[in-house]
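**Q** Listed below, chain by chain, are the residues.
Protein chains: 6
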Amino acid sequence: MKIKVINPNTTLAMTKGIEHAAKSAARSDTQIVAVSPKMGPASIESYYDEYLSIPGVIEEIKKGEEEGVDAFVIACWGDPGLHAAREVTDKPVVGIAESSVYLASMLAARFSVVTVLPRIKTMLEDLVDSYGMQKRVLNIRTTPMGVLDFERDPEAGIEMLRQEGKRAVEEDNAEAILLGCAGMAEFADSLEKELGVPVIDGVVAGVKFAETIVDLGKKTSKLKTYKYPEKKEYVGALENFGRNQTTTK
Amino acid sequence: MKIKVINPNTTLAMTKGIEHAAKSAARSDTQIVAVSPKMGPASIESYYDEYLSIPGVIEEIKKGEEEGVDAFVIACWGDPGLHAAREVTDKPVVGIAESSVYLASMLAARFSVVTVLPRIKTMLEDLVDSYGMQKRVLNIRTTPMGVLDFERDPEAGIEMLRQEGKRAVEEDNAEAILLGCAGMAEFADSLEKELGVPVIDGVVAGVKFAETIVDLGKKTSKLKTYKYPEKKEYVGALENFGRNQTTTK
Amino acid sequence: MKIKVINPNTTLAMTKGIEHAAKSAARSDTQIVAVSPKMGPASIESYYDEYLSIPGVIEEIKKGEEEGVDAFVIACWGDPGLHAAREVTDKPVVGIAESSVYLASMLAARFSVVTVLPRIKTMLEDLVDSYGMQKRVLNIRTTPMGVLDFERDPEAGIEMLRQEGKRAVEEDNAEAILLGCAGMAEFADSLEKELGVPVIDGVVAGVKFAETIVDLGKKTSKLKTYKYPEKKEYVGALENFGRNQTTTK
Amino acid sequence: MKIKVINPNTTLAMTKGIEHAAKSAARSDTQIVAVSPKMGPASIESYYDEYLSIPGVIEEIKKGEEEGVDAFVIACWGDPGLHAAREVTDKPVVGIAESSVYLASMLAARFSVVTVLPRIKTMLEDLVDSYGMQKRVLNIRTTPMGVLDFERDPEAGIEMLRQEGKRAVEEDNAEAILLGCAGMAEFADSLEKELGVPVIDGVVAGVKFAETIVDLGKKTSKLKTYKYPEKKEYVGALENFGRNQTTTK
Amino acid sequence: MKIKVINPNTTLAMTKGIEHAAKSAARSDTQIVAVSPKMGPASIESYYDEYLSIPGVIEEIKKGEEEGVDAFVIACWGDPGLHAAREVTDKPVVGIAESSVYLASMLAARFSVVTVLPRIKTMLEDLVDSYGMQKRVLNIRTTPMGVLDFERDPEAGIEMLRQEGKRAVEEDNAEAILLGCAGMAEFADSLEKELGVPVIDGVVAGVKFAETIVDLGKKTSKLKTYKYPEKKEYVGALENFGRNQTTTK
Amino acid sequence: MKIKVINPNTTLAMTKGIEHAAKSAARSDTQIVAVSPKMGPASIESYYDEYLSIPGVIEEIKKGEEEGVDAFVIACWGDPGLHAAREVTDKPVVGIAESSVYLASMLAARFSVVTVLPRIKTMLEDLVDSYGMQKRVLNIRTTPMGVLDFERDPEAGIEMLRQEGKRAVEEDNAEAILLGCAGMAEFADSLEKELGVPVIDGVVAGVKFAETIVDLGKKTSKLKTYKYPEKKEYVGALENFGRNQTTTK
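Going down the list, the sequences are from chains A, B, C, D, E and F. Okay, so the first sequence: first residue is 124 according to the numbering used here, each after it adds one. Okay, so the second sequence: first residue is 124 according to the numbering used here, each after it adds one. Okay, so the third sequence: first residue is 124 according to the numbering used here, each after it adds one. Okay, so the fourth sequence: first residue is 124 according to the numbering used here, each after it adds one. Okay, so the fifth sequence: first residue is 124 according to the numbering used here, each after it adds one. Okay, so the sixth sequence: first residue is 124 according to the numbering used here, each after it adds one.
Bound-form chain A, shown alone (with noise of 0.2 Å):
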């Protein structure tokens, strides 16, 4: 099968560092197609940054629709787009935040998210309570470094996340540690080992949930939520975003 994992900014480096994580993970018979959008940002750190990625990791599972892709992985623990990619497409979307979510609950009671700056602690948190996780995420710790500091200095963003993995084990009493961007995969092994409790990178963990979705043959529901969206006229630098639309009508 063929998985199309979206990383949702435009760095490139990092879009490797998540297809490397990404194929580590995949069985053997999944092909992995890893991708940055054509527009946006080159990282996500706030709303704006957020809501700026998301026309072009629509643009993303548009295309993947073509190109004979049979599942989407958006690789950012904010999951932007996560609504509007199952509306455009029938194929199973996952996020990270999400999948990251649903697997900690099935191997721990209770875990904190370790991330990065302060200012993207509301939206996570309004993330998790979204997947009705309000209870058993203590806490959303941040760091003072932003999502290209871990892939610019990596021996100082495992050191600092190592620094609130302890706190949340010890402080928050988490029992496992999910780590809240896409860009720390490389460092959830060592991390697991020194710590002593499970800590869920969400690509890998998104890649597998997507993997599952496809061999159960399940597609994303059409009836109402989800539909093909309404065709329209669509202007400006998005007008393509109205052509040759997939829609309900």
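Keep in mind the hints are simulated off the structure, nothing from the lab. Please note that a few of the clues may not be correct.
The list treats identical chains as one, so a pair stands whether inside a single copy or across any two.
Stated by the list, open to error - Calculated pairs, DMTMM-like style, for lysine to aspartate or glutamate (alpha carbon to alpha carbon, straight line, at most 20 Å):
| # | residue 1 | residue 2 |
| --- | --- | --- |
| 1 | K345 | D312 |
| 2 | K345 | E293 |
| 3 | K345 | E189 |
| 4 | K139 | E356 |
| 5 | K345 | E317 |
| 6 | K258 | E248 |
| 7 | K342 | E315 |
| 8 | K342 | E317 |
| 9 | K342 | E190 |
| 10 | K345 | D295 |
| 11 | K354 | E274 |
On a predicted model such as this, the values are computed, not experimentally measured, just so you know.
Got chain A sorted already, so can you dock chains B, C, D, E and F onto it with the hints?
**A** Quick look at chains B, C, D, E and F alone, frame taken from chain A:
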């Protein structure tokens, strides 16, 4: 004061209607500027449309900074891009859904929303929950009519709203009716008379709340969640969003 | 328009302060009438005081009907008698706690309240929950000072608010501060400057929301919950409450 | 022991009925004193009536302190003034709504309330939510009959309860029925036989819970929320409430 | 009346202590029968122990039917098997955790639980949530001592409870303390004196609630959730559970 | 890998069906071992049956440790003993209800469950709530058929599911249907075709999730809630549960 009312869709006839409603509610010394974005969908009836309307909305917010705008109203009942808009400016930004539910809760103990197509019910449920109104909102009633159907055939529109409004009062015991689309302002008064309960149009509510916040001299908190976006590169059709940013760095 | 601001306690010096705050926020064509009830407690710092302030509040609402009042503001951060007030008049009635949390949620993603004695914490927690704001309110911070202590010793008062406000910002990560007592209006501006986040006084918020609702021509829904009280006999010291009622029968 | 049962309304015929129910449930060595306040409404059917009944209720609690009362029952299904009552005495105070829902939840997984006029539905919904029973209470069923209609025409009353009780069992799948008014005790037994599920009258539940708490030697916590009210001046018709207070200072 | 108090663990010394507490609280005309099951764990400190205690508890409930028991108390602070117990008998069954939280909520606005090992915190959190008490319970405080450590070394036990109880009052602002284990009854009185807030032992609370429900002549609803189990075959070590069932068929 | 699928009831014909479904979903290199416990009920249709199935389930988990099992699936839609199972092994254990709701929430915005007898509705409601799915699950639809009726008369079974599934789609607007019993796998495909929405059988979902977690090399967190049970004596018919324990001490 100058209030910019942004109709997130690109249907100018609808923007005209919104402008008319906004002006009729604004104080004589309030200048209303009603616009549609330069890019995006002709109407918003799905997550797809909603997310794709946001870049255009943000662009209008940013332009507003240079235009000397004192406050912004996002005039679509999904409040698209509201949190991002609060990041790019320190001027108050209010959504019409948000304004509607807060206003309604000061007039009625329980209420229902009447809106467009069934597919957006989930979206609106999650939205009113995010405002803490899950207990007060009895029902989100949808109609078979799309956003622009109400523009094209106002007579059918009012008839549909009358019918669902009546059922909201009789079956839900709704003590107020919220019109769940920016293009329904013109119907509010006659519906209110017929139904005997407050009928709330979000555009006028949003404009008045915006005036109030400006009068109070309040600005959006820039401490954490709504800080200016981090400065970074944007590529492709959205390249401009990385340029000339008012940012934290 | 004429807005009656009811300070539910009987301390006229405090009513003067509230009147001053209300007038400073009101439009020039808005007439502010600030009163204390003819019966009740000198301050409200318990359920006991709160409930016993309500008969006096209701009396003032009823009188307001004859005085040509267009809207009412209940100026105590427990919103005492708010729902009953909405029964005895069809003019809009807003509470200052209610107004504060709705206003704050349009300016900040998360916030804390700073108020008087520790014993009222439970009362205020339950109140903000009833407005659906449990997720947004990070903390109700109390001080060892009572309501009238803030009147008697404003210097100690501002110092106390400064201290708790600072802890709210630093420890709670509050993005706005709500002053949880009607007698704190005078401190709002200097606190806002010092703390660097919106500081919200409920009296001015309430007055502006009242103006807004009158401007919109909206009245309280009389369909069900807020119908006029059933006509019936009242005895004893409250005998008058059964007389000359505007009632449903 | 001596239990004072306070019917918060001033209709003595109803107080008699409540006294009868209380005595029939009390142990032989429990002395029941049933009273109505000296001031307030003839019945409670709105927020207005509810709040205006509270001063009279509090007065009776305070008198009870001198009368050697061991525990108090507030015998109206809105539990008016319950939290204030717990402030003015350290003797246990229980409400009949509170007692009913806790008792019911030890007998049935899900249940419905049958009560008087439609207008009080919101009030009772918010009340049962405040006791954490939102998931257990399936429905608050109202009837077109007021409180005193049940006194005046018990035959119509029982018929109405039978009808709504039956619908609660058949349509809501209620596994117990709670009689949502203090004047319905006399109907409980025959309804229980007919409906085949527990039918709970709050007055007898409240009296037995009060006995239990006295037996256990427990008193209301005076640490924080329920401390004695702060000593202060009261004016006007409620002047006495500031006098001879048992207070914290 | 005859109340059977079931200590779900098989440590008879602890059952003796529970019997003592139960008898000290029961009325003189109440016969207390305290037992341990014939099978199961020596103490309950995990989901494992809890579930494995349930067959023994159910067996004791069933025997109670023949022994002329009027009501049952399940004396472990996890309320093991409570819902199943309500299926196999129509006599009232109360759990001591359930009784504790309902009793506490009639005495205090907010409270904390002090219990045994850290590992059961999740279990107790989910339990109090299931009783709707998430807002009232401020904290579940655990200790490094197991259930039988409190039996073996009561002096260390009381010291531990004193310490955590004090922190509950000072740090959580708990207005009552709930002893989260059936073997702590003996410590309740002295702790209450020291801490100055109600200290609630579940065994005595459960016994008194059981007496109350018997006095009221109420039985468990057999309409739906708590119907007698369906008759069916059981095999292996639990074979007897399929025999001589009082069942619906 | 080796996955042990435990049908918690002792009806081997049903275990065969579950094995068939599991094998059809498993990868070719996954070995499925499907068993029924050596003790317990022939079917699970009450709290009684559910709790009494748990000792047998736990025994099978423990045996699995010696059998070289890599992961466990508990194949009953009440997920009996799930938390205890996670204590006795560090291999992943998933429940089929849990798997179903997480899978469904990646395919559909809102869904309903169709299951056996009405009496288990409360049990399943509380279960899906414990997974945070209260907002997504629109309805738990029951049928007059018991678990084994579906085995005995599959034609009546499919007809019943078809009927309730249709009502779920039409009346609840369910966008997916969850089959709320392990014995319904065989009906899933034809129902999905007829109803036009995803129809989810928990057994196949559980098996695939188990494979995924094994692939990811993840194990249950042993930090706190799911630590191995404390070592202790067990007596009577369950005596073996105290022996040869893998425990924390």
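**Q** Against the structure, test the hints numbered earlier, and report the numbers of the ones violated in rising order.
**A** Per hint list: zero violations.
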